Structures are given as structure tokens and as C-alpha cells.
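Engineer: Spelled out from the first residue to the last, the chains are:
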Amino acid sequence: MDNQTVLAALRERFAAEILAVNEFRGDLSLTFTPKGYLAAAQFLRDDPDLAYTFLENLCGVDYLGRKPRFEVVAHLTSMRHRHRVCLKVGCDEPEPTVPSLTPLFPTANYQERETFDLLGIRFDGHPSLTRILLPDDWVGHPLRKDHPLGDEEIAFTFNQERIYARKPFVRE
Amino acid sequence: MGIEEKAGNLGIVTTTLETVVNWGRTNAMWPLLFGLACCAIEMMGAQASNYDLSRFGMELNRASPRQADLMIVAGRVSRKMAPVVRRLYDQMPEPKWVIAMGDCAACGGIFNNYAIVQGVDEVVPVDVYVAGCPPRPEALIDGIMMLHQKVMREKISGKKESPIRIDQPLVQVK
Amino acid sequence: MTEPITVPTPQQIIEPAVAGRTETMVLNMGPHHPSTHGVLRLVLELDGEVVVNVAPDVGYLHTGIEKTMESKTYQKAVVLTDRMDYLAPLSNNLCYALAVEKLLDVEIPERAQIARVLLTELQRISSHLVWLGTHALDLAAMSVFLYAFREREQILDIFELVSGARMMTSYFRIGGLAYDLPSDFIPTVEQFLAVMPSRIDEYEDLLTANPLWLERTVGVGVIDAQSAIALGLTGANLRATGVAYDVRKAMPYSGYETYSFEIPVGKNGDIYDRYRVRIAEMRQSVKIVQQATERLRELGPGPVVTSNRKVAPPPKREITESMESLIHHFKLWTEGFKPPRGDAYVSIESPRGILGCYVVSDGSPKPWRVHFRAPSFINLQSLAHMAKGRMVADLVALIASLDPVLGEVDR
Numbered sequence: 000m001d002n003q004t005v006l007a008a009l010r011e012r013f014a015a016e017i018l019a020v021n022e023f024r025g026d027l028s029l030t031f032t033p034k035g036y037l038a039a040a041q042f043l044r045d046d047p048d049l050a051y052t053f054l055e056n057l058c059g060v061d062y063l064g065r066k067p068r069f070e071v072v073a074h075l076t077s078m079r080h081r082h083r084v085c086l087k088v089g090c091d092e093p094e095p096t097v098p099s100l101t102p103l104f105p106t107a108n109y110q111e112r113e114t115f116d117l118l119g120i121r122f123d124g125h126p127s128l129t130r131i132l133l134p135d136d137w138v139g140h141p142l143r144k145d146h147p148l149g150d151e152e153i154a155f156t157f158n159q160e161r162i163y164a165r166k167p168f169v170r171e
Numbered sequence: 000m001g002i003e004e005k006a007g008n009l010g011i012v013t014t015t016l017e018t019v020v021n022w023g024r025t026n027a028m029w030p031l032l033f034g035l036a037c038c039a040i041e042m043m044g045a046q047a048s049n050y051d052l053s054r055f056g057m058e059l060n061r062a063s064p065r066q067a068d069l070m071i072v073a074g075r076v077s078r079k080m081a082p083v084v085r086r087l088y089d090q091m092p093e094p095k096w097v098i099a100m101g102d103c104a105a106c107g108g109i110f111n112n113y114a115i116v117q118g119v120d121e122v123v124p125v126d127v128y129v130a131g132c133p134p135r136p137e138a139l140i141d142g143i144m145m146l147h148q149k150v151m152r153e154k155i156s157g158k159k160e161s162p163i164r165i166d167q168p169l170v171q172v173k
Numbered sequence: 000m001t002e003p004i005t006v007p008t009p010q011q012i013i014e015p016a017v018a019g020r021t022e023t024m025v026l027n028m029g030p031h032h033p034s035t036h037g038v039l040r041l042v043l044e045l046d047g048e049v050v051v052n053v054a055p056d057v058g059y060l061h062t063g064i065e066k067t068m069e070s071k072t073y074q075k076a077v078v079l080t081d082r083m084d085y086l087a088p089l090s091n092n093l094c095y096a097l098a099v100e101k102l103l104d105v106e107i108p109e110r111a112q113i114a115r116v117l118l119t120e121l122q123r124i125s126s127h128l129v130w131l132g133t134h135a136l137d138l139a140a141m142s143v144f145l146y147a148f149r150e151r152e153q154i155l156d157i158f159e160l161v162s163g164a165r166m167m168t169s170y171f172r173i174g175g176l177a178y179d180l181p182s183d184f185i186p187t188v189e190q191f192l193a194v195m196p197s198r199i200d201e202y203e204d205l206l207t208a209n210p211l212w213l214e215r216t217v218g219v220g221v222i223d224a225q226s227a228i229a230l231g232l233t234g235a236n237l238r239a240t241g242v243a244y245d246v247r248k249a250m251p252y253s254g255y256e257t258y259s260f261e262i263p264v265g266k267n268g269d270i271y272d273r274y275r276v277r278i279a280e281m282r283q284s285v286k287i288v289q290q291a292t293e294r295l296r297e298l299g300p301g302p303v304v305t306s307n308r309k310v311a312p313p314p315k316r317e318i319t320e321s322m323e324s325l326i327h328h329f330k331l332w333t334e335g336f337k338p339p340r341g342d343a344y345v346s347i348e349s350p351r352g353i354l355g356c357y358v359v360s361d362g363s364p365k366p367w368r369v370h371f372r373a374p375s376f377i378n379l380q381s382l383a384h385m386a387k388g389r390m391v392a393d394l395v396a397l398i399a400s401l402d403p404v405l406g407e408v409d410r
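Residue numbers (numbering that gives the first Met the number 0), protein chains in the order written: chain R, 0 to 171; chain C, 0 to 173; chain L, 0 to 410.
One or more of the hints may lead you astray.
Selected chain R positions facing chain C (in silico; Cβ < 10 Å) [as the list claims (entries may be wrong)]:
hint : residue
1    : MET78
2    : LEU133
3    : PRO147
4    : ALA154
To be clear, the hints were calculated from the coordinates, so they are not data collected in a lab. Quick caveat: nothing in here was measured; it's all calculated off a predicted structure. Ideal Cβ positions, reconstructed from N, Cα and C, are used throughout, including at glycine.
If we strip away everything but chain R, and leave its shape as in the complex, we get:
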């Protein structure tokens, strides 16, 4: 199994849904439309020759300044063929939404929740899309590029008096 074989198989069925193909450093990645993303993942999993049954990684990326702004990246691995392929799908503001892979791959559950929590991308069809890493009442999505890092000024001897006067130290 190599990049060309799987690319040919996908092009045969989803030629209309493939928006971009990229082969970088030996890894194949395809950008799909949302409909094609779900269908391609199902095809790759169920086809007996391809057998990409293991969803290795699912995450989101915020490309601030680009349209579409967000991208969800899923890496599928075929344990039998020892090969990996990357599916990407873009989604845009104001309500970025992408089909969920959880009905196909139960392992996507936590990973999609994490992407929702940190980036705000919603997943259609996810059984329970709630925050996972941050407290439930947190406002905002920290991994977005327009969310600040939230760092505190570093205290040196010349400014420590000012900083420590404002820090909420506990005395009892």
C-alpha cells in the first residue's frame, strides 16, 4: 500500500469532493468538503482492501487570516498495510461545524471534544459535545489565535514590589 494506490482509490470515488492533494515529506494529505470527509473516512474504513480501521489522530488548526479559518485534521492508519493517510476538512466562522467521525470511529469521541473545547469547532453527530479539559463554565476557546496566552508579567527585583502588591496571595 502506498500513497498512489490510496489516492487513486479515493479519486475514483470522490473526485468531486477532493479540494486539494498534498504529498509532503512522504505523507499524503487530502482536503475534502465536509460531505466528502465523512464519506471518505467511511470508505477507507470499510473497504476490505484498504482497511484504514484505526483513527490515529484528530485535531483542529486555527489558520487565522485564511478562508476557511479552521481546519480539522484526521490521520487514519491501516494496521494491516502499515500506512497512514491524512484527511483534512475546512470550516469557517461564525459557527465552524464539521461532521463527526465518532459514529464511525468511537476513538474520535474525546479528541473531538477536545477540539471543540480548545478551538470552538462543533461536530455534527457527536453524542455528547461538551468541554473536556477546561472547567465547564470557562468562557472562550484558548487555542484560537485571537485568544491571549494569559501570561503574567515576570517578576524581577526591579518590579517585584509592584507585581506582588497586586497578586492575590493567601495569608491564612
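We have chain R already, so just place chains C and L on it with the hints.
Structural biologist: Below, chains C and L alone, put in the same frame as chain R:
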């Protein structure tokens, strides 16, 4: 503190009582089993046989805060975990002490961001800070020794001593 | 796969109880509990002592590592990777370094490759020792904890010899190693290898045929191979179900294809098989370390960082002699190297499972996005599937056998 406080300042009687009470407290201080992150592994290493902590009477790590008197905050405290730390501290009975082990507990460490409380002294009052990332078991033992010395200096009136500030730089450059 | 796989959330267990369901009891196994696996909160739905459902609530150690790495240059971000899976920091370093090196497309010298394999396998042994110690401690076999930490101290001494730090070494940098191996490295490792296989025999003597251990672990927490793959369970947990998938053999990195070792595989997918698989993995790691030590001895001294001066700095003495070296040094220190635009994903076999690192570069010295596929985070999803119908005490053994590290789960 009860009867010792009411006995007032009876000179040599209360001084000896102070020494005895403090000696008793230092020699069998039971830590709360409270490892959060990487420093917890070094704390476990300090508990293990190579850097034995049980020679200081700290062999028993109590899981229940009601039975512990020392809370070693070992690891980074995230914003979700901070109320839990405070609640555990509140559940510990007096007298209680807190060691902030590691850079993350002392000042937020290398994680200067939205998710980590910048120093556990924003949540609980700390007695001794142990620096390191993670501090070696020997450094933790040094911190515990420093706490023992601090406890030995405690007065019966129960007033906590003010923190010892180092105002001059440690190395004089001429 | 008989019943459908569900991964419950705490709200799904708590809300019906609040609404008035009384047949089952909801119990909180809070973030602070006497099991050294970290700050994991479990919400249990119990029918007496039997677990009907269990939902992990994670996030109590969320550190924002991925966001913080975006504000540091590539090389500076290496220290943050140590703190994720804090039982195997060198594995995290290796994964991140391999991902960025793939982006940069640099050659790593042979000596650095062998040292990476050697130290990663030592790290695997030390991580499995902590697993063994804490797992046994959870099931009240306390002597094993002390024995395991005795060996671990020896390994940590080796790490300290090499990098100066016992745990958070940050020894694998992008482009090779941080410093060259010291001259007494090989004798120290050989001293360790002289004792190690017999110590593993000691642990096995205590536990493998122990009727109490067998009673607690055989047939408990069974998962079949198909569910395991569907749930994304990896590492020794997957191999215990019979699937012989190890990234070191399937998609080798750092020269693993040139070492001879086996992949231990279990049969039933219960806790006992996971225990046997990890013990066997320790033995295989000792074998790999032996081979790597021999190779290092044969290879002799050599460079430990790539010769690509745009990535790794030149040796300090060259700066006074060559203008080019000075400029490279200056650019690397003030700006950092700039990988080409693109993204790369690399996965390695960490002691917990498949650790992956996805790096996106926009051509600037700081990474645009770094994401870690944390094995413990994904392995936790299978907890509900494995724990249904078991008792609470089995749940404790189950968590220990999954070997989660909360730093990695929450990042």
C-alpha cells in the same frame, strides 16, 4: 492549642512545653498524599528506599486530609484544580503546614499561561518553597528539614511568624 | 464486539440521578484519591458494589502546553514537551524532535541515533518500573514498589550522568542531542545491564504466579481486539488483546529496523496479560539497550548534532575562526531556524502507547500549531467499556493497568 495558650507565659515551664510540642510535631509529620504532576514522581522517589522519608517519620502518606498535617503541593495547579486544593487544605485540621514543591507550585514555573495558577500561594498559604523542576529528592528533604526548623521556632501563642525575606542579594558583587 | 461502544460523560451519569433515578448510586472518585495515577476524577454509577457505568472527568491538570509552545521558538519548546508524559520525558522529546526534523528534512548522525534508541529504551524500562510499582501498590503488593524504585534510581543516575537532570532532561534536541555522551556512559550502562534481567526475574517471582495477584487480575477488565482498535487503545493494552502492532516495527524511526527484538503479545486482553506484556517489554528493552551499547562502542566518538548549520549551532570554538559560523550562531540564537511551510505528523511507541506529534509550520521561527496525540487521553475512553459489570476494586486495578499519566491526558 488549648491549655498551653491558657497557661500564658509561665517562663521556663512554657518554653519547655513549646520545645516538646514542636519536637513531637516535627518528628511525626504525616504528609497528605497529594501529588499532582511530575514532582509527585520525585516525591515518590523520596518516599522510596533510596532517599527514605520514613526516617523522618513521614512514611505514612494519608489519603484523607482529616488525618494529615503536611500538604506537599507537588506539581502544577491548574485553574480547574485550584478549588479542590483549597478544599483539601480547609479539611486539614490545625496544626497544618504547606510545602510548595517545585517551580510550578512556587510560582507557576515554566507555564506562564491561562491554565496554571501562578504559584499555589494564591490558593493556600505556603510555609516552605522548594525550587527545582522537579526538585531532587534531596532538595525535597532539605525543604522538609527547613520546615522542621521553622516548626521548632513556633511559639505557643499560635501566631505564625512572618516570612523571612531576603532583601539583599545572596552574592555580594563588589 | 457484542454491545455498542459508548464513552459516557459525567453529565450523562449525574443528570438522571439528580432527576430522580434511585436504582443505582452515583459516587465520585474525586481528583484526589489514594492512587498515584494523578488527578483523575471518575464518576461512577454503582449498583451496590458493581460498576454499571463509569465516566472519567479529566482536565484537572490542563496546562495549556500546546498554546504555550506556539509562543516559543521550536528549540525552546522542547522543554515543554518533557512535562507532558512525565514518566517518559525522553519519549516526548523524541517525538517532537522527530516531527520537526521531518519538517526540516535534516540528517541525524549515527551516534545520535544510537544514543536516542538507547536512552529511549532505558526510559521505557524506567516508566514500566513506575507502572509496576504503582500497580502493585494499588493492589497492596507494597514491596514491589520499593524494589522497582531501586532499579529506577539506577536509571535516573544514568540520565543525570548524561544530561544533568534526573527526569526532565530535554536531552533530545531538534538536530540531535543536547550534549555529547560522557566518557563513562558505556561502563555505567553496562553496570546497569549486568543487574537488570535478574531484577525483572525478581519481580516476576513475586507476582506472576502469586495466587492473590492472579485472583485480582486474570479475567478482569477484558477487551477484545476489535473494540480496542475502534476505541483507539494502543500500546501494551492493545498488544495484550492479541494485536501485534508496535510502531517500532510497523513504521520504524531512529533506526529501530536495524535492532533485533520481539513484540510480546497477549491473548485475553485482561489485566494479567497487560502485566505479562509489559514485563516482557522490559526484557526486550534490555536486549535493545545491549545491542545499542555494543554499537556505540564499535562506532566510537563522533558528531551528535546534524551538520546542517541552519538548524544546529556550530561548535563554539569555530565562532572565533569562521565568519559563517558566527552568523549561523547569531541567527540561531536571535531568531531560531525557520522550517518550510507545511505540516508533519510523526508517531512513536511511547511506554503508554502511540504518541504522535503533529506540527504545522508557517515559515516563521515559532510553530504555528503543535498537537500531541496523547495515548493516555485516548486509552481512557475504553475505561467504561472494560469496567462494566466489575466491582470498584477491579476498577482500581483496571486504571493502573491502563497506565495513564495525567500530564499527558490533560496537556
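Engineer: Kindly indicate which numbered hints from before are broken by the structure, ordering the numbers from low to high.
Structural biologist: Number 1 only.
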